[in-house]
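Using the sequences and the hints, build the whole thing.
If you want the building blocks of each chain, they are given just below.
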Amino acid sequence: MIQLYNVFKTYGGNIPALVDVSLVIREGAFVFVTGPSGAGKTTLLKILFRWENFDSGQVLVNGMNIGKIKERNLYLLRRTIGVVFQDYKLLPHRTVFENIALVQQVVGASYRALKARTWEALKSVGLSHKKDAYPLQLSGGEQQRVAIARALVNSPKILLADEPTGNLDPEIAHDIVKLFERANEQGMTVVFATHNHELIRKTNYPYIALNRGNIVRA
Amino acid sequence: MIQTVRNLAVHFRTTLNNLKSNRQVSFVTIATIAIAFSILGLFLVVFVNLDTFLTTWSREVQLVVYLEDAISGKERESLERVIAGNPEVESVAFVSRETAWENFKSTFSAKSEFLKSLEINPLPASFNVQFKQTRDRVEKIRQFAETLRKSPGVESLEYGEKWIGRFEKFMIFLKVFLLAIGGLLGLGLIFIISNTIKLSLYSRQDEIELMLMVGATHGYIKTPFLLEGMAQALIGALISVGVIKFVHLHMKLQFQDTLEAIARGGGFLFVSFSQVLFLLLASAAVGWAGSYLSINQFLNSIQKR
Ligand SMILES: Nc1ncnc2c1ncn2[C@@H]1O[C@H](COP(=O)(O)OP(=O)(O)OP(=O)(O)O)[C@@H](O)[C@H]1O
Ligand SMILES: [Mg+2]
Numbered sequence: 001m002i003q004l005y006n007v008f009k010t011y012g013g014n015i016p017a018l019v020d021v022s023l024v025i026r027e028g029a030f031v032f033v034t035g036p037s038g039a040g041k042t043t044l045l046k047i048l049f050r051w052e053n054f055d056s057g058q059v060l061v062n063g064m065n066i067g068k069i070k071e072r073n074l075y076l077l078r079r080t081i082g083v084v085f086q087d088y089k090l091l092p093h094r095t096v097f098e099n100i101a102l103v104q105q106v107v108g109a110s111y112r113a114l115k116a117r118t119w120e121a122l123k124s125v126g127l128s129h130k131k132d133a134y135p136l137q138l139s140g141g142e143q144q145r146v147a148i149a150r151a152l153v154n155s156p157k158i159l160l161a162d163e164p165t166g167n168l169d170p171e172i173a174h175d176i177v178k179l180f181e182r183a184n185e186q187g188m189t190v191v192f193a194t195h196n197h198e199l200i201r202k203t204n205y206p207y208i209a210l211n212r213g214n215i216v217r218a
Numbered sequence: 219m220i221q222t223v224r225n226l227a228v229h230f231r232t233t234l235n236n237l238k239s240n241r242q243v244s245f246v247t248i249a250t251i252a253i254a255f256s257i258l259g260l261f262l263v264v265f266v267n268l269d270t271f272l273t274t275w276s277r278e279v280q281l282v283v284y285l286e287d288a289i290s291g292k293e294r295e296s297l298e299r300v301i302a303g304n305p306e307v308e309s310v311a312f313v314s315r316e317t318a319w320e321n322f323k324s325t326f327s328a329k330s331e332f333l334k335s336l337e338i339n340p341l342p343a344s345f346n347v348q349f350k351q352t353r354d355r356v357e358k359i360r361q362f363a364e365t366l367r368k369s370p371g372v373e374s375l376e377y378g379e380k381w382i383g384r385f386e387k388f389m390i391f392l393k394v395f396l397l398a399i400g401g402l403l404g405l406g407l408i409f410i411i412s413n414t415i416k417l418s419l420y421s422r423q424d425e426i427e428l429m430l431m432v433g434a435t436h437g438y439i440k441t442p443f444l445l446e447g448m449a450q451a452l453i454g455a456l457i458s459v460g461v462i463k464f465v466h467l468h469m470k471l472q473f474q475d476t477l478e479a480i481a482r483g484g485g486f487l488f489v490s491f492s493q494v495l496f497l498l499l500a501s502a503a504v505g506w507a508g509s510y511l512s513i514n515q516f517l518n519s520i521q522k523r
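For the protein sequence lines, the chains are A and B, in the order given.
Heads up, the final residue of the first sequence is numbered 218 in the working numbering, and it's a clean run with no missing numbers.
Heads up, the final residue of the second sequence is numbered 523 in the working numbering, and it's a clean run with no missing numbers.
Just so you know, the hints here were simulated from the structure itself, not pulled from any lab data.
Incorrect hints may appear among the rest.
Think about it this way: if two alpha-carbon atoms lie no more than 20 angstroms apart in a straight line, the pair counts; the simulated SDA-like pairs of lysine to any residue are [stated by the list, open to error]: (1) B:K416 / B:W506; (2) B:K323 / B:A343; (3) A:K115 / B:N225; (4) B:K440 / A:N73; (5) B:K238 / A:H93; (6) B:K440 / B:A503; (7) A:K89 / A:Y134; (8) A:K89 / B:Q423; (9) A:K70 / B:N514; (10) B:K440 / A:R72; (11) A:K70 / B:T435; (12) A:K131 / A:Y111; (13) B:K387 / B:F491; (14) B:K416 / B:N304; (15) A:K68 / B:L517; (16) A:K89 / B:A502; (17) A:K115 / B:H229; (18) A:K70 / B:K440; (19) A:K70 / B:Q521; (20) B:K416 / B:L237; (21) B:K470 / B:F491; (22) B:K238 / A:E98; (23) B:K470 / B:F271; (24) B:K350 / B:N304; (25) A:K89 / B:A503; (26) B:K463 / B:N267.
Restraint ranges, calculated between C-beta atoms of paired labels, are given here [claimed, not checked]: (27) A:D87 / B:H468: 56 to 62 angstroms; (28) A:H93 / B:R224: 19 to 25 angstroms; (29) B:R224 / A:P170: 42 to 48 angstroms; (30) B:Y420 / A:D87: 17 to 23 angstroms; (31) A:D87 / B:T222: 31 to 37 angstroms; (32) A:S37 / B:T222: 43 to 49 angstroms; (33) B:Q521 / A:T203: 54 to 60 angstroms; (34) A:D87 / B:F464: 49 to 55 angstroms; (35) B:Q521 / A:G28: 27 to 33 angstroms; (36) A:E198 / B:R224: 45 to 51 angstroms; (37) A:M64 / B:R231: 31 to 37 angstroms; (38) B:V246 / A:Y111: 48 to 54 angstroms.
Note that the structure is a prediction, hence the values are computed from the model and not measured.
Glycine included, C-beta positions come from ideal geometry on N, C-alpha and C.
Structure follows, in structure tokens:
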């Protein structure tokens, strides 16, 4: 469950990134966030796992009032959320396997569980044969799938995906949406930021449209 | 608990990797620490040895109470009773004028025909007072000497107060000097290590940010860098212990004979085991402090958005 009430956010300068944003995303929902470049999609997602602060308003995620969480307890919030970043954020000096396993390591999984779950995540995105490759040896679509496997490996309650089909051709984009649908079927709440209207039309999920930080359609 | 052990294993591996990937910077840091601790350690060796000399010498200090030639038998007896009655006194020996003169002559006669021909005895009689071996022995002697000075029949007192006093003052100065140098070096090293760790942190900034994003605790992020700082400082300190030992052995070979003569049997000492341990612990603390500063600053800079 995600709830925002009158959220404002400005980065240093004068242009606001979010203006009076209020919205509710129910548990288990699949929701698109759309809007032109600079509309505030990434900002919205970053606020949801408190990577960015907001200036005013209330944000509740999984029952936590995230504006009130102490810095040192933020990890509790972040462990309930999986994120696929717009720029992937794969570590170039670690193999595909290590990139995914890192997330398990961080939460203190046993080596046996770590291996099993990493392997499972790799298989679910169809990349088990690339486990020893380095990210830069992969195509864009493959890197994206590694990023997705990493976001799924800890079985989060919420999956935030920032432009995960960005510059992939329509067929691969469709496969990737399939991956999210499968996660959604298992009960994960999916928030999917994209400016690909084609995708939204074809899949028929609800969407939230932003423009210059304002909600224009919820 | 199992998780802690598991995390620790991961942290140790990360620390090793960090040290390896920042080889050059780590090397410079370790070398700097080794040099700094070597200087400090050599001062410590000098201090330890001087301190030992002082104790050896002060152990031999005895109080000599010279008596007036005109002292009466009664006065002498009461004086002896007062001295023997002091609980700090171990033994008191009376040396008559004649014995003193004989001793003196037998010590120096070979060198001087003049002494043999001297007919009068210029030496006073004395009590030679040995004190029990306690830590504040010299101070006890000093106090007792002051109470005796005014007693009837006492001509003068002697216990080497002048040079012991001076030596003690010098040792106090040396102690303060050592502490000051130790403190300054410690601060300098904290600064150096914090800089090295800062470089290490920035070289892994992406990884740290990612780990924070996926729910790493602050402790999880900090531990490998704290270990890295402590490892650098400890390695540096261990090298310095080697350097000190080497210099010590060299000095011992060169100067043992001379030193033995001065220290009357005491050899040239190395710093004690507990002092080595202290040096190592201090270095670990310095390494920890240096890393701690950088990591906290770094985490704050990431979170201030
Ligand atoms: N770190 C930042 N510092 C300053 N301004 C920022 C920062 N990140 C985003 N902005 C500004 O905030 C506004 C919203 O940016 P945001 O990244 O949320 O847009 P977006 O909808 O994700 O765009 P895109 O589709 O291009 O990814 C923009 O005007 C952007 O310039
Ligand atoms: Mg964006």
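Each hint tested on the structure:
1. B:K416 / B:W506: 13 angstroms, holds
2. B:K323 / B:A343: 15 angstroms, holds
3. A:K115 / B:N225: Holds. K115 of chain A to N225 of chain B sits at ~16 angstroms (cutoff 20 angstroms).
4. B:K440 / A:N73: Status holds; Cα separation ~15 angstroms.
5. B:K238 / A:H93: 14 angstroms, holds
6. B:K440 / B:A503: 15 angstroms, holds
7. A:K89 / A:Y134: 13 angstroms, holds
8. A:K89 / B:Q423: 12 angstroms, holds
9. A:K70 / B:N514: Holds, because 16 angstroms separates the two Cα atoms, which is no more than 20 angstroms.
10. B:K440 / A:R72: Distance of about 12 angstroms is within 20 angstroms: holds.
11. A:K70 / B:T435: 12 angstroms, holds
12. A:K131 / A:Y111: Holds, at roughly 17 angstroms.
13. B:K387 / B:F491: 26 angstroms, violated
14. B:K416 / B:N304: 64 angstroms, violated
15. A:K68 / B:L517: 19 angstroms, holds
16. A:K89 / B:A502: Given pair K89 of chain A, A502 of chain B is violated - Cα atoms ~35 angstroms apart, limit 20 angstroms.
17. A:K115 / B:H229: 18 angstroms, holds
18. A:K70 / B:K440: With a Cα-Cα distance of about 18 angstroms, the restraint between K70 of chain A and K440 of chain B holds, given a limit of 20 angstroms.
19. A:K70 / B:Q521: 11 angstroms, holds
20. B:K416 / B:L237: Satisfied, since the Cα-Cα distance of roughly 13 angstroms is no more than 20 angstroms.
21. B:K470 / B:F491: Measuring from Cα to Cα gives roughly 18 angstroms; hence the hint holds.
22. B:K238 / A:E98: Holds. K238 of chain B to E98 of chain A sits at ~19 angstroms (cutoff 20 angstroms).
23. B:K470 / B:F271: The hint holds at about 15 angstroms.
24. B:K350 / B:N304: Holds: K350 of chain B and N304 of chain B sit about 11 angstroms apart, inside 20 angstroms.
25. A:K89 / B:A503: 35 angstroms, violated
26. B:K463 / B:N267: Distance of about 14 angstroms is within 20 angstroms: holds.
27. A:D87 / B:H468: 56 to 62 angstroms: 59 angstroms, holds
28. A:H93 / B:R224: 19 to 25 angstroms: Distance hint for H93 of chain A, R224 of chain B holds at roughly 22 angstroms.
29. B:R224 / A:P170: 42 to 48 angstroms: 44 angstroms, holds
30. B:Y420 / A:D87: 17 to 23 angstroms: 19 angstroms, holds
31. A:D87 / B:T222: 31 to 37 angstroms: Holds - the Cβ-Cβ distance for D87 of chain A and T222 of chain B, about 34 angstroms, lies within 31 to 37 angstroms.
32. A:S37 / B:T222: 43 to 49 angstroms: 46 angstroms, holds
33. B:Q521 / A:T203: 54 to 60 angstroms: Violated - the Cβ-Cβ distance for Q521 of chain B and T203 of chain A, about 36 angstroms, lies outside 54 to 60 angstroms.
34. A:D87 / B:F464: 49 to 55 angstroms: 54 angstroms, holds
35. B:Q521 / A:G28: 27 to 33 angstroms: At roughly 31 angstroms between Cβ atoms, G28 of chain A and Q521 of chain B fall inside 27 to 33 angstroms, so the hint holds.
36. A:E198 / B:R224: 45 to 51 angstroms: 46 angstroms, holds
37. A:M64 / B:R231: 31 to 37 angstroms: 33 angstroms, holds
38. B:V246 / A:Y111: 48 to 54 angstroms: The hint (48 to 54 angstroms, Cβ to Cβ) is violated, given that V246 of chain B and Y111 of chain A are roughly 36 angstroms apart.
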